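**Q** What follows is the residue order along each chain.
Protein chains: 2
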Amino acid sequence: MKKEGTNKPKVVIIGGGFGGLEAAKALKDKPVEVTLVDKKNHHTFQPLLYQVATAVLSPGQIASPIRRILRRAPNVEVLLGEVTGFDLDRRTVLLKDDLSIDFDYLIVAAGARHAYFGHDEWENDAPGLKTIEDALEIRRRVLLAFELAERDAMRKGTHEPLNFVVIGGGATGVELAGAIAGIARQALAKDFKAIDTRSAKVMLLEGADRILNSYSEKLSERARKDLEDLGVEVRLNSFVTDIRPGEVKVGDEWIDSSVVVWASGVAASPLGAMLGAETDRAGRVLVDDDLSVKGRPNVFVIGDMARVENEDGSLVPGVAPAAMQMAWSAAKNILGDIRGEARTPFRYKDKGSMATIGRNKAIVEVGRFKMGGFLAWMAWLVLHIVMLIGFRNRLFVLSEWIWAYFTRERTARLITGDAEDLKDALQFITAKPGRAESEKASRSKVA
Amino acid sequence: MKKEGTNKPKVVIIGGGFGGLEAAKALKDKPVEVTLVDKKNHHTFQPLLYQVATAVLSPGQIASPIRRILRRAPNVEVLLGEVTGFDLDRRTVLLKDDLSIDFDYLIVAAGARHAYFGHDEWENDAPGLKTIEDALEIRRRVLLAFELAERDAMRKGTHEPLNFVVIGGGATGVELAGAIAGIARQALAKDFKAIDTRSAKVMLLEGADRILNSYSEKLSERARKDLEDLGVEVRLNSFVTDIRPGEVKVGDEWIDSSVVVWASGVAASPLGAMLGAETDRAGRVLVDDDLSVKGRPNVFVIGDMARVENEDGSLVPGVAPAAMQMAWSAAKNILGDIRGEARTPFRYKDKGSMATIGRNKAIVEVGRFKMGGFLAWMAWLVLHIVMLIGFRNRLFVLSEWIWAYFTRERTARLITGDAEDLKDALQFITAKPGRAESEKASRSKVA
Chain A
7 MKKEGTNKPK
17 VVIIGGGFGG
27 LEAAKALKDK
37 PVEVTLVDKK
47 NHHTFQPLLY
57 QVATAVLSPG
67 QIASPIRRIL
77 RRAPNVEVLL
87 GEVTGFDLDR
97 RTVLLKDDLS
107 IDFDYLIVAA
117 GARHAYFGHD
127 EWENDAPGLK
137 TIEDALEIRR
147 RVLLAFELAE
157 RDAMRKGTHE
167 PLNFVVIGGG
177 ATGVELAGAI
187 AGIARQALAK
197 DFKAIDTRSA
207 KVMLLEGADR
217 ILNSYSEKLS
227 ERARKDLEDL
237 GVEVRLNSFV
247 TDIRPGEVKV
257 GDEWIDSSVV
267 VWASGVAASP
277 LGAMLGAETD
287 RAGRVLVDDD
297 LSVKGRPNVF
307 VIGDMARVEN
317 EDGSLVPGVA
327 PAAMQMAWSA
337 AKNILGDIRG
347 EARTPFRYKD
357 KGSMATIGRN
367 KAIVEVGRFK
377 MGGFLAWMAW
387 LVLHIVMLIG
397 FRNRLFVLSE
407 WIWAYFTRER
417 TARLITGDAE
427 DLKDALQFIT
437 AKPGRAESEK
447 ASRSKVA
Chain B
7 MKKEGTNKPK
17 VVIIGGGFGG
27 LEAAKALKDK
37 PVEVTLVDKK
47 NHHTFQPLLY
57 QVATAVLSPG
67 QIASPIRRIL
77 RRAPNVEVLL
87 GEVTGFDLDR
97 RTVLLKDDLS
107 IDFDYLIVAA
117 GARHAYFGHD
127 EWENDAPGLK
137 TIEDALEIRR
147 RVLLAFELAE
157 RDAMRKGTHE
167 PLNFVVIGGG
177 ATGVELAGAI
187 AGIARQALAK
197 DFKAIDTRSA
207 KVMLLEGADR
217 ILNSYSEKLS
227 ERARKDLEDL
237 GVEVRLNSFV
247 TDIRPGEVKV
257 GDEWIDSSVV
267 VWASGVAASP
277 LGAMLGAETD
287 RAGRVLVDDD
297 LSVKGRPNVF
307 VIGDMARVEN
317 EDGSLVPGVA
327 PAAMQMAWSA
337 AKNILGDIRG
347 EARTPFRYKD
357 KGSMATIGRN
367 KAIVEVGRFK
377 MGGFLAWMAW
387 LVLHIVMLIG
397 FRNRLFVLSE
407 WIWAYFTRER
417 TARLITGDAE
427 DLKDALQFIT
437 AKPGRAESEK
447 ASRSKVA
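So the protein sequences, as listed, match chains A and B. If you want the numbering used here, it's the position in the first sequence, counting the first as 1, plus 6. If you want the numbering used here, it's the position in the second sequence, counting the first as 1, plus 6.
Keep in mind the hints are simulated off the structure, nothing from the lab. Because the structure is a prediction, the values reported are computed rather than measured.
Note that the list lumps identical chains together, so a pair holds whenever it fits in one copy or between two copies.
Restricting the straight-line Cα-Cα distance to at most 30 angstroms, the calculated cross-link-like pairs of lysine-lysine (DSS-like) are: (1) Lys136 to Lys45; (2) Lys338 to Lys34; (3) Lys196 to Lys102; (4) Lys16 to Lys45; (5) Lys16 to Lys338; (6) Lys231 to Lys136.
Make a model of the complete structure from these sequences and hints.
**A** Written out as structure tokens, the structure is:
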């Protein structure tokens, strides 16, 4: 059933994100045998995860099975598995379930997770957004908050204020805050009869003195104004010092919160440390200029896991285009090795960046060119549709967007999970210290 | 925020399935105040659940938020809550979280779950299909089985046979078996490189001497042949006597199984017993001919929870049209009460039934009219598209079906869940007694 082993060099790629997938594509039909390992069976189009978290898109629309994507690459095999360690001297990757896999070349592209700056205990109260599961959990909490407010309003004639707090004013935080405001202001307004969803508050907390600080100051300011037009309260210079159920502490002030989302800071996959390589504080591997690990020319680290400096000393950002460029570079150097050519150093080409803020609003910056508003938003839409993997996903996501634009509805509004889970989720809203007593009040009737 | 209480009679509906939703619609704009309680926020279109379980459709495409559906019914409120009991003398429904709700009329429409005939311990090894969560769990297991076989094939050059066992030859079992065969034969065939997914076996076990035994013998036989054409092995007169991880016992014979799905027998919601009413062995409430509970004329039980006999002594089946007809009857009698009119007894009108078997194959039976094959399949498609709630869902599901028909692909192929869950799921396949030793063999290399 299995093809006989060949003498072609074996390349193992870890991770089916933008970097890993692009490396596999670059090695397609080349004289190597490739195995791509991922602990999920699907590639996730992370730039649109916030739309799953805010009920615009369904998970299946931004995720594709990895082996479907690589179906037509006969020299690439896909393996569902979780890496537990490396034996680089023996050129072996160790996997869960006592599995291992040998390589001649290794490309590690396992990406990053959100990080809590030494406060991992915050994760439960302020989930981040990196996977489909994360997005579904955030969607669940946001939708439940409205359901519970409706229930309170029916029972007591009033309800706790709905406060959504997004921590971190980077692209993800800005997109989430804008989209949550859109849900409250438009999508849900007609569906709730006891509460006015439009009275919900959305707050974006940013530690620095401006949001989106990888952009020019002018665009940052424009984005801030756009967010405020959408009903988001933007608080700058606001460091979060503590988080507990239902409350976020900024400096010395506790802020009531129905749902908190963490969009501040990421850390590279722990696989970087497992390689035994030198890493920076965010867990990124300090790679050589050909993206290989020092002393291990056959081991490459790419994407969000790699710490790469530009010529001006700035860091290559953790974005999809950078991961893809690194993948091309690593694949090229591996194929070059096989032909006996010298290594080529990696050089990042910044193609510009864009962030969407909400309906009709986005910002685009390409070198000195800056743009905001509707045209930037259209550019964002077109680029993301083009970047989506698979003709089918493009077609269906475009249809969903057109639908959502004209109806102003959010259609992927399922709260899934068992009733017991539901009860746990309620605790984020009802278990706030000091609120317990009123909850314990004797059985009160609805209407 | 809450409207002031009125003197209009209060109707509480429990359940947002076909029965409960239809009752709410029938009471829309009538002189009653309605509250619909469900523990989920969404209505699930159960007839298409098997398509979520087999990766054709996404959950959001067959489920709609209940409050969205009832948005334009000003006298209907929707409450997310779980019923824990009743105080019928005080006309109160008790809910979780110390909540309660008063009623003048109560319509209980909480449906049914799959039942294991006193073998609840089988549920973990043979999940049933009644909710979105059930469907995702089955999808996960089916897709994982192929992934793990691929992994085995890469590691050992061979793999355990892929055996999918569906227990129960009713409509759900037939649809699931046909759809799983479709996945193995067509949808996945090109995506796996080490295994031949077409060699997977799908077995349908039925205790009686024919499948779909609510249909005529001729159509049962036709359906059996259709299933066999699709590659399903149909075993009749096959009673399941035991289930354990990786194996199903039929009579005295243990059958190896990668994934087992339970589609045999349902039990009514335990809320029937909580009403203190007389129930049959399947937990259905024995209602009066106006569908009210004996001695409680203001409490109606409808849908799968009600045991209702036709004039010929046969039972009204647990299908959506029956639940909807009961909803209309209960609503009519409540409104009649208010006007001082006498009760009208419920009479079921059988509009016929249909089941789909697979690509181009279905059966339809309306009275003496019987039909199979492509035309029946088209009739099935049209009816289910029309029945789907919401123009948007109709549009998108139709698009998905057209896509799936011409590409022969299954696109909703995500395996979601954490890595630890994954490991648990693996156990269904690898923890089979007697298979453990080969698994414990020393670390073997891939390729």
